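K.L.:
Chain A is already provided as a structure; the job is to place chain B on it using the hints.
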Amino acid sequence: MNWAWADSDVPLIVIRAMHFAATAVTAGALLFRAVVAEPAARHAGWTRAMPASSARQVASIGLAMTVPSGMIWVLLLTMRMSGLSLEDAFSADGLGTVIGDTQFGQASAVRLLCSLILAGCLVFDRIAWLRWGGLAAALGLVAGLAWTGHAGSTPDPLGEIHLAADILHLGAASAWVGGLLLLARMLIAARRQPTPEWRAYELDGIRRFSVLGMVSVATLIVSGLVNAWLLVGSWRGLVVTDYGLLLSVKLVLFGVMLAFAAINRLLLTPQLASVAQGQPQPTAFRRLTRNTVIELALGLVVFAVVGALGIQHPAIHLAQ
Amino acid sequence: MPRSFLFAMMALMLGLASEVQAHATLDHAEPRVGNTMATAPHEVTLWFTQKLESAFSSITVTNAAGERVDSGKTRVSGSQMSVTLRAGGPGTYRVNWRVLSVDTHTTEGNFTFQVGQ
Chain A
1 MNWAWADSDV PLIVIRAMHF AATAVTAGAL LFRAVVAEPA ARHAGWTRAM PASSARQVAS
61 IGLAMTVPSG MIWVLLLTMR MSGLSLEDAF SADGLGTVIG DTQFGQASAV RLLCSLILAG
121 CLVFDRIAWL RWGGLAAALG LVAGLAWTGH AGSTPDPLGE IHLAADILHL GAASAWVGGL
181 LLLARMLIAA RRQPTPEWRA YELDGIRRFS VLGMVSVATL IVSGLVNAWL LVGSWRGLVV
241 TDYGLLLSVK LVLFGVMLAF AAINRLLLTP QLASVAQGQP QPTAFRRLTR NTVIELALGL
301 VVFAVVGALG IQHPAIHLAQ
Chain B
1 MPRSFLFAMM ALMLGLASEV QAHATLDHAE PRVGNTMATA PHEVTLWFTQ KLESAFSSIT
61 VTNAAGERVD SGKTRVSGSQ MSVTLRAGGP GTYRVNWRVL SVDTHTTEGN FTFQVGQ
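Chains A and B, in that order, give the protein sequences. Start counting the first sequence at 1; every next residue gets the next number (the numbering used here). Start counting the second sequence at 1; every next residue gets the next number (the numbering used here).
Chain B on its own, in the form it takes in the complex:
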């Protein structure tokens, strides 16, 4: 195979690589992103646009004081991921998520919701 063709292939691959970017894939959540609730929820559930790998997907939730209020045991089923919460009082809760989709894309993100305000 001509050497120039191999160089062209390598140049194309390097060019393509510079374009690659991953993006968040959260479809929706319960509690809803940015919503205000009267009482703290018992769990947080997130729905994604693709199926997830449980071994590399997790949710952590912190309360207004920055303390973790999740159980630490994230449950994954298909494209859905949940974690149980302990009581954490009123204020702003932050949900941090990190997921690996079945097609091996790792994405992460966070959002907040309000309790009792």
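Here chain A stands alone, though its shape is the one from the complex:
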């Protein structure tokens, strides 16, 4: 059989993009539940958050995509690293060597363990401490990605700084994009329940997500600057290398997402405040829902770019 497709970058980029997006949605959904939905529900005097089951459902679907996409990623890279066919890649020389002897393989094994723990926590989601355990496992699943990419290969003494910056970057991206999905579901669900209690709950949730979003954006900017310093190094690197050009695309998409977030925060959220005072503003709700879905779609496109960025050679080594 011809395995030429395994040498192509397309399957690797697609599977990486899927894996990063699924991982981010999984962790982001559980983080949204912990810091947005459940506190808002408690504030409203409810015993359980509306999107509690929604977050579990989204995280379960995300995990169901994360695990197989992660396995395919390991398999594709095993074939690429070893030059073995698909059948031979399952051997001790293939997967055995990659999982046992490479940082990528070891990180993937640890991340698979996090996935199994998370799956168990999601099954017994009604037990409070297991919900926190599930969130910790989900964050471990996200953080582990740092050891599979460029940050994991930076030599000392900057290696630890690069890893820390990348972990923060991945965590913030997950909180933002994964949270957007839950926020969109929350807004759509609230439109079907136009009661004052739901409106108050929704508005509180929007405000809490707004804080989470601002923290995430600030973290993304700071950690992104550190990553750019270590991987791009110069303005020249940003414009003359493929890595730099891809990063520029990512920055433009980030800028557009930020513009939507600013409109939501500065324009639409204050308009929504009047809803709690009994003056319905369905237009603002509709716009906020639409903007949230657009932001989410842009976030998924960013993951497509990340899928390609990770297999590029860092600009800093090429633009000197």
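It is possible that some hints are incorrect.
Derived, one-sided and incomplete: chain A residues facing chain B with beta-carbon distance under 10 angstroms [stated by the list, open to error]:
no.: 1; residue: Q103
no.: 2; residue: G149
no.: 3; residue: H150
Listed next, the stretches of chain B that the computed footprint assigns to chain A, with coverage defined by at least 3 CB atoms under 8 angstroms from CB atoms of chain A [said to hold, decoys possible]:
no.: 4; region: 49-57
no.: 5; region: 63-71
Please keep in mind that the hints were generated in silico from the structure rather than gathered at the bench. Please read all numbers here as calculations on a predicted model, not as lab measurements. For glycine and all other residues, C-beta sits at the position ideal for the given N, C-alpha and C.
P.N.:
Okay, now just chain B, sitting in the frame of chain A:
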């Protein structure tokens, strides 16, 4: 999700894939690339810009007659890789290297150095 958005995502990924190229990442070497030495070195050491995976990284060295003069046992430590040499006489030595960096990029390259000329 709209079908047009999915098509746009696929088109973007395919477009990005066509741009992907890997490049050599050798930072410096001892003996230096292209240098001339009075006697053959006991080992060749290469330094790279990223940390390496020992399982998929190796060096081979041939002498002027095209015979392998390396021990066949490449040692990897962080971003550094070495191999011990046997005596191979004067002439042009060729160093071939193939490395897998920890971020899973495979790169390869070669250079020469002179002995006793």
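K.L.:
A separate judgement is required for each hint: does it hold in the structure or not?
P.N.:
Hint check results:
1. For A/Q103, the interface hint holds, since its Cβ comes within 10 angstroms of a Cβ in chain B; the closest pair sits about 5 angstroms apart.
2. Of the supplied interface hints, the one on A/G149 holds, with its beta-carbon coming within about 5 angstroms of a beta-carbon of chain B, less than 10 angstroms.
3. About 5 angstroms separates the beta-carbon of A/H150 from the nearest beta-carbon of chain B, less than 10 angstroms, and the hint is met.
4. Coverage of the region 49-57 of chain B by chain A holds [criterion: at least 3 residues with CB-CB distance below 8 angstroms; count 7].
5. Three residues within the 8 angstroms Cβ limit are the bar, and the region 63-71 of chain B against chain A gives 0, so the coverage statement is violated.
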